[in-house]
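A.B. asks: Please build the complete structure, drawing on both the sequences and the hints.
There are 2 protein chains.
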Amino acid sequence: MRHACLGGGARLRPLLCHAVSQAGGGTDEDARAPANAIEFLHCASLVHDDLPCFDDAAERRGQPSVHAAYGESLAVLTGDALIVGAFQTLTNKSVKPAHLPALLRRISDAVSANRGIIGGQAWECEPNVVLTRYHRAKTGALFEAAARCGAIVSGQFEDHWADFGALIGEAYQVADDLHDALEARGMGKPAGQDRAHGRPNAVLTLGLPNALERLEQLLDAAFDAVPECQDPRPINSWLAAVAARLQPTNVQLPSEDPLCAEATLPDAIGEDLHAPR
Amino acid sequence: MRHACLGGGARLRPLLCHAVSQAGGGTDEDARAPANAIEFLHCASLVHDDLPCFDDAAERRGQPSVHAAYGESLAVLTGDALIVGAFQTLTNKSVKPAHLPALLRRISDAVSANRGIIGGQAWECEPNVVLTRYHRAKTGALFEAAARCGAIVSGQFEDHWADFGALIGEAYQVADDLHDALEARGMGKPAGQDRAHGRPNAVLTLGLPNALERLEQLLDAAFDAVPECQDPRPINSWLAAVAARLQPTNVQLPSEDPLCAEATLPDAIGEDLHAPR
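As they're listed, the protein sequences go chains F and H.
Under this note's numbering, the residues of the first sequence are numbered 247 to 523, in order.
Under this note's numbering, the residues of the second sequence are numbered 247 to 523, in order.
Hint data in this document are derived by calculation from the structure and do not stem from the laboratory.
Don't take every hint at face value.
Unchecked claim - Just some of the chain F residues that point at chain H, by a computed CB distance under 8 Å:
| id | residue |
| --- | --- |
| 1 | LEU320 |
| 2 | ASP326 |
| 3 | VAL330 |
| 4 | VAL357 |
| 5 | ALA359 |
| 6 | TRP369 |
| 7 | CYS371 |
Said to hold, decoys possible - Label pairs and their computed distance ranges (CB to CB):
| id | chain 1 | residue 1 | chain 2 | residue 2 | range |
| --- | --- | --- | --- | --- | --- |
| 8 | H | ARG248 | F | LEU252 | 30 to 40 Å |
| 9 | F | GLU474 | H | ARG248 | 42 to 52 Å |
| 10 | H | PRO373 | F | GLN309 | 24 to 34 Å |
| 11 | H | THR273 | F | GLY254 | 47 to 57 Å |
| 12 | F | ARG441 | H | SER483 | 56 to 66 Å |
| 13 | H | ASN482 | F | GLY308 | 14 to 24 Å |
| 14 | F | GLN309 | H | ARG248 | 33 to 43 Å |
Claimed, not checked - Covered stretches of chain H (in silico footprint by chain F; criterion: 3 or more residues with CB under 8 Å from a CB of chain F, positions within the stretch not fixed):
| id | segment |
| --- | --- |
| 15 | 291 to 300 |
| 16 | 319 to 328 |
| 17 | 398 to 408 |
Here a beta-carbon is modelled for each residue, glycine too, at the ideal position from N, C-alpha and C.
C.D. replies: Spelled out as structure tokens, the structure:
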């Protein structure tokens, strides 16, 4: 569990939870339990995604993946234990009893089979997937939960943060797809995995230029979706740091690249940027 | 998820939760969410236990195991989804907000790496295990949680039910070991798995006569541990049904059986029957 959680990682989701809480006047203590729970769930998803029956990835964050280091049995149990540990974390005394029902609902939904990460992962087994829905479940849901939980613990109306969270989550997934497709260096995990495993990937589906355009659209939409709040500075700082991190550098667009073959951005995807729920 | 949950099973744990709730004057509605959550977690543990990296069991409850029916990837996700689904279930409106913190704590602890099922499963990877502690974590913890949750939702003092729940859980594990070692018919899963996988098993550790004696001791102790309550009939009915189910029938004790070699019941095990915490 330590290997899975303490071996690096940008902590984007817990930092988002803290930033939204701070934007509403919340303290670090207010956001700590849901922020940690969300990071545990993210780490759990990575441990199980790396298993031989999924990505069979030997590396994660520049270190051996959990199953490579400790064997498959303990990797399955580590993921299970991190899921359970996330919900144990919500029993911490820092969680106000009045906030617990909403936190539990948002966090459990975000990783669930019906609306969350597990559903997204299961869709990878399907022959046809709507890219936007897949990304929302696999990645967007937990970002949205992080934003909502930050709002809940600081007494803000959580629905005001839903679009922002979902958009930033989708942007993150498109950026991740770009890095995977471009075999970006420095990600600490094998690149080109989506193509190798026949998984949905924005670059493979949209072509490289459209995927880059889509990332920019999503980040712009996220900026626009920050709601009125007591102090927007923490969330603007978080967003600027994330945008800098997500945008790939030194991208070349060779005209003969088969990734560029599909030239049009489907209307449906452009549309639902403006109506994300 | 349906295959894992609806393919049979005795529902001992949720029925225990309902029986303890009824013993304290609770309604079926009061106990439903925690009872279902506990059964989901039990089913999740079976799905992951059956995986190739653990028992590699092709059958469960007389049907193909989840990984045999749907493949390893979906079996991992099914177990994950049932764990998450258990905690989603606690967000049902039938759960009184005042009860949620205690329910979440008891249920998450009972399946956790530190005190629950996942810890018990991980101990199977260890060369030496204290049998009582292993059984308490792997099986007893969830029975204890079922009893405690029944008490919580009906306004009883949950600690009064802790010893009862832990004892019945340990009795169940010893009975399961007896069935495994005796290759009992009608269990719907392959028998002799503990010996094949080098796992702790009460029969292999204590010898057959002592394991049978231990089961009887544990059931007697559980009967004695039922606390004073508004209506003891539901719990006595449950306990009688379980005792009838757990005790193996037609056990022969051939004197040349190597399982009978170890003749003495270790003092430590006899002692902690009387001081189970």
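A.B. asks: Now look at each hint and say whether the structure bears it out.
C.D. replies: Evaluated hints:
1. LEU320: holds (7 Å)
2. ASP326: holds (5 Å)
3. VAL330: Where the cut-off is 8 Å and the nearest Cβ of chain H is about 5 Å from F/VAL330, the hint holds.
4. VAL357: Check passed: Cβ of F/VAL357 comes within 5 Å of chain H, closer than 8 Å.
5. ALA359: holds (4 Å)
6. TRP369: violated (10 Å)
7. CYS371: holds (6 Å)
8. H/ARG248 x F/LEU252: 30 to 40 Å: For H/ARG248 and F/LEU252 the Cβ distance comes to about 37 Å; the hint holds.
9. F/GLU474 x H/ARG248: 42 to 52 Å: Roughly 45 Å apart at Cβ, these two residues keep to the hinted range, so it holds.
10. H/PRO373 x F/GLN309: 24 to 34 Å: Taking Cβ atoms as reference, H/PRO373 and F/GLN309 lie about 27 Å apart, which means the hint holds.
11. H/THR273 x F/GLY254: 47 to 57 Å: holds (50 Å)
12. F/ARG441 x H/SER483: 56 to 66 Å: About 59 Å separates the Cβ atoms of F/ARG441 and H/SER483, which means 56 to 66 Å holds.
13. H/ASN482 x F/GLY308: 14 to 24 Å: violated (59 Å)
14. F/GLN309 x H/ARG248: 33 to 43 Å: Since F/GLN309 and H/ARG248 have Cβ atoms about 38 Å apart, the given range 33 to 43 Å holds.
15. 291 to 300: Holds, because 4 residues of the segment 291 to 300 of chain H bring their Cβ atoms closer than 8 Å to Cβ atoms of chain F.
16. 319 to 328: holds (count 7)
17. 398 to 408: With 0 residues closer than 8 Å to chain F, the segment 398 to 408 of chain H misses the three-residue bar; violated.
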